[in-house]
Amino acid sequence: MAIVSLGEGLPVPPADELARFVIAVATNRDRNAFAALFRHFGPRLKTFFMRGSMSAGLAEDLVQETMLSVWRKASYFDPGRAGVATWVFTIARNLRIDHLRRQRNPADLPPDPEEEPQTLEDALLGAERDLRVRKALSGLSPDQQTIIRLAYYSEKSQTEIASELGIPLGTVKSRARLAMNRLRALLEDEE
Amino acid sequence: MTLHHHATDETLMRYAAGTLAAGPAIVVEAHLAHCSACRARVGDYEALGGAVLEETEPTQLSPTALADVLSLIDGESSEPTAPPAPLEPVQIGRVRLPDSLRGCDIGRWRWIGPGMHMSRIGVPHDPDANVILIKVGPGRALPDHGHVGTEFTYLVSGSFTDKFGQFKVGDLAEMDEDIEHQPIVDEGQECICLAAMEGKMRFNSFLGRMLQPIFGI
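Here the protein sequences line up with chains A and B, keeping their order. Position 17 (the first sequence) corresponds to 17 in this note's numbering; numbering is contiguous. Counting from 1 along the second sequence, just add 1000 to a position and that's the residue number in this note's numbering.
No lab work stands behind these hints, which were simulated from the structure alone. Everything numeric in this text was worked out from a predicted model, so none of it was measured. Incorrect hints may have been included.
[Said to hold, decoys possible] Each computed DSBU-like pair below joins lysine-lysine, with the alpha-carbon atoms no more than 35 angstroms apart:
(1) Lys156(A) <-> Lys173(A)
(2) Lys173(A) <-> Lys1168(B)
(3) Lys135(A) <-> Lys73(A)
(4) Lys135(A) <-> Lys156(A)
(5) Lys156(A) <-> Lys1163(B)
(6) Lys173(A) <-> Lys135(A)
(7) Lys73(A) <-> Lys156(A)
(8) Lys1168(B) <-> Lys156(A)
(9) Lys173(A) <-> Lys1163(B)
Chain A with its partners taken away, still in its complex shape:
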């Protein structure tokens, strides 16, 4: 098995290895493959949820729910549509939305979009898209990358971000707009 290092001491399986793990879970209910996915994504998901102002305990609960969904929905994974990280992200995102909605109103939840049939017309090869997007993200300045990450971690408004970082709201708004424009330009360059 090929291993690339992120330089953090933790070996990270490359994207195609992760895709093979998901396919092994889907076709053979392979527990070792599932454990490998868990070890890779579980700790990252925990940080991801905690950044959205969840307690460590709640974050662990959502990690469990996310990974349980990975097990159940492995057969829906389509490597042509999304890379594994993107697929896991969308599952985690939907569970976070459900969780926040349950807090507000425990009644009806809308049907899970993951279960709906997908159209083929957008099927840019998932792994390629992931690579293109990753390159674009790394082309941003560290400040701009932080702004984009914050947008994914929580639904904090720009006003809340401004007071947290101790900078004026206007500055946050103009920085966010610059980061968006730069990102869009980089994405289009990579197309």
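Knowing the structure of chain A, use the given hints to seat chain B on it.
Chain B alone, transformed into the frame defined by chain A:
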């Protein structure tokens, strides 16, 4: 379908990140169903979410975390789940509404002024959501208004024109708080819009100011 008015990149990113409020998300989803260009952008922003997740530094899980999930898996039945029932189209009267309204309570049309009807939409998973359908006769003006937050409007049928151009079926109008506009419905056909507001609507006309306390929008 060639559409001329789209969601902004900021909105599509918030939709992909899962941080767009339920009301605006319903309206944006209605547009996405008709717009492959915006769907492709949502795909990019979901991939960006994947990249952000991948680069997020790990936090140690409790020592039993993996074993806990594996034991949950053991308790799973391997019975295949029943296929979901076929979905009925969402309608008001005979007008087909976007599928993103599935599960919502669609109110009856109520007369709110000459040639103007409104239906309030109840969003079960977000009782605070401000979502309405508005039906305006040909040649008539929609109530003159500004907004406290961003307003998202999807064209269900007909068309209207304001200073930004003509909006047709499938188009999305996204107007932020600084914008004051006066859409006029084009001649020949009534126009039905699905609108969601992030904040409260701020009507400028006398009629609008009368409606605001009545409908709480």
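Against the structure, the hints come out as follows:
Pair hint lysine 156(A) plus lysine 173(A) holds up; C-alpha atoms about 13 angstroms apart against a cutoff of 35 angstroms. Pair hint lysine 173(A) plus lysine 1168(B) holds up; C-alpha atoms about 31 angstroms apart against a cutoff of 35 angstroms. Distance restraint check for lysine 135(A) and lysine 73(A): the Cα-Cα separation of roughly 28 angstroms lies within the 35 angstroms cut-off, and the hinted pair is therefore satisfied. Straight-line distance between C-alpha atoms of lysine 135(A) and lysine 156(A) comes to about 26 angstroms, which keeps the hinted pair within the 35 angstroms bound.
Pair hint lysine 156(A) plus lysine 1163(B) holds up; C-alpha atoms about 32 angstroms apart against a cutoff of 35 angstroms. Proposed proximity of lysine 173(A) and lysine 135(A) is supported: the alpha carbons are some 24 angstroms apart, at most 35 angstroms. With a C-alpha separation of about 30 angstroms, the suggested pairing of lysine 73(A) with lysine 156(A) holds against the 35 angstroms cut-off. A hinted pair counts as satisfied when its Cα atoms are at most 35 angstroms apart, and lysine 1168(B) with lysine 156(A) qualifies at roughly 33 angstroms.
Between the alpha carbons of lysine 173(A) and lysine 1163(B) the distance comes to roughly 25 angstroms, so the proposed pair stays at or under 35 angstroms and holds.
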